[in-house]
Amino acid sequence: MSKKIAILTSGGDSPGMNSAISALVKTALNSGFEPYLILEGYLGILNKNIILASEFPYNGISSFGGTAIGSTRFPEFKDEEIQKKAAKILTDMGISSLIVIGGDGTYKGGYKLHLQGIKVIALPGTIDNDIQFTDYTIGFDSALNTIVESVDKLRDTANSHRRCFVVEVMGRHCPDLALYSAIATGSEIVITNTNRLSAQEVSKIVLEQFKKGKPSVIITVLEYVLPNLKEFAAQIEKITNITTRAFEVGHIQRGGRPSAFDRILATKMAMKAIELIDEGKSGLAIGYLDGKIQAHDITKVVSVPVERTNELAQKINKINQN
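Numbering-wise (the UniProt record's numbering), the sequence shown opens with residue 1 and increments by one.
A few of these clues could be false.
Dumping the calculated SDA-like pairs for lysine to any residue here, alpha-carbon to alpha-carbon at most 25 Å [unchecked claim]: (1) Lys88 x Tyr111; (2) Lys88 x Thr267; (3) Lys204 x Asn193; (4) Lys48 x Ile82; (5) Lys88 x Glu40; (6) Lys108 x Gly70; (7) Lys153 x Lys48; (8) Lys3 x Thr27; (9) Lys3 x Asn49; (10) Lys3 x Thr267; (11) Lys3 x Leu52.
No lab work stands behind these hints, which were simulated from the structure alone.
Modelling step: build the complete structure from the supplied sequences, incorporating the hints.
Following this line, the structure appears as structure tokens:
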């Protein structure tokens, strides 16, 4: 069995990716493997931008956000001929195992290389928490903490001026960041892709909250649900006559130092990945499920969409409006 393994990050970055990279390299070296780092994601394979991990300062990166080995979105990788070319490059270098860190697009790319004969293990690195068969993805907790810190500060100024804030958070099609941050911050209203509310419905709730004596109202919204955040806030202000501001937490959710939870999660997942490769296993995705680090068939992971109901959103709205 070839002792050469390669590691890449792809798609949107997330806090904790560097923790995973560092732990993968250390564990691989300790297990007698020769680890390589692929710079700039799947594009790095085609560009042969592949270096020995020993030539990279992997020891000092685990506490930093982002990904030290770079990431790109490479939609052309959907082309089977490009997949074959990438697999040949890895094979010609003697690299038989590839560890990919990223979200669903990264998983699909890894799955395609798996079909081309490359032994692939996938780690969930995305703030969106939208990977199947894992309760938490690497970066979700850190992004959640960033949102909570931002909303707590908004609440302070909103209380001072009796204002309403409409806060948009990331998550793409998965509402977990919106739901969990609403719980943590006491957001009075949460709007997601499974729990949509009109400006009229929201305005009615806002007025009720202020009549109850609340000094402010926070409305948490999942990205892509509202066509225009500022326009939505303006509609609420017009209906309620209460100053309402729109706020996008934005890309700071993807940056910053990873939380302790994400560092530990990334390290445990990395250790599991190397263990599986050492056992000759591949075509697997690592997950954290029911308090345990587990491995699942990557075919199932990429074929089963993550779905959420509106039950939690409705419970949050009911509880936080009291």
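Hints versus structure:
1. Lys88 x Tyr111: Judged against 25 Å, a Cα distance of about 15 Å means the pair holds.
2. Lys88 x Thr267: The given pair, whose Cα atoms are some 30 Å apart, is violated under the 25 Å limit.
3. Lys204 x Asn193: 20 Å, holds
4. Lys48 x Ile82: Holds, at roughly 13 Å.
5. Lys88 x Glu40: 18 Å, holds
6. Lys108 x Gly70: Given pair Lys108, Gly70 holds - Cα atoms ~19 Å apart, limit 25 Å.
7. Lys153 x Lys48: Given that 25 Å is the threshold and the Cα spacing comes to 45 Å, the pair is violated.
8. Lys3 x Thr27: Holds: Lys3 and Thr27 sit about 13 Å apart, inside 25 Å.
9. Lys3 x Asn49: Distance ~19 Å between Lys3 and Asn49 Cα, so the pair holds.
10. Lys3 x Thr267: Within the cut-off at roughly 21 Å; holds.
11. Lys3 x Leu52: The hint holds at about 13 Å.
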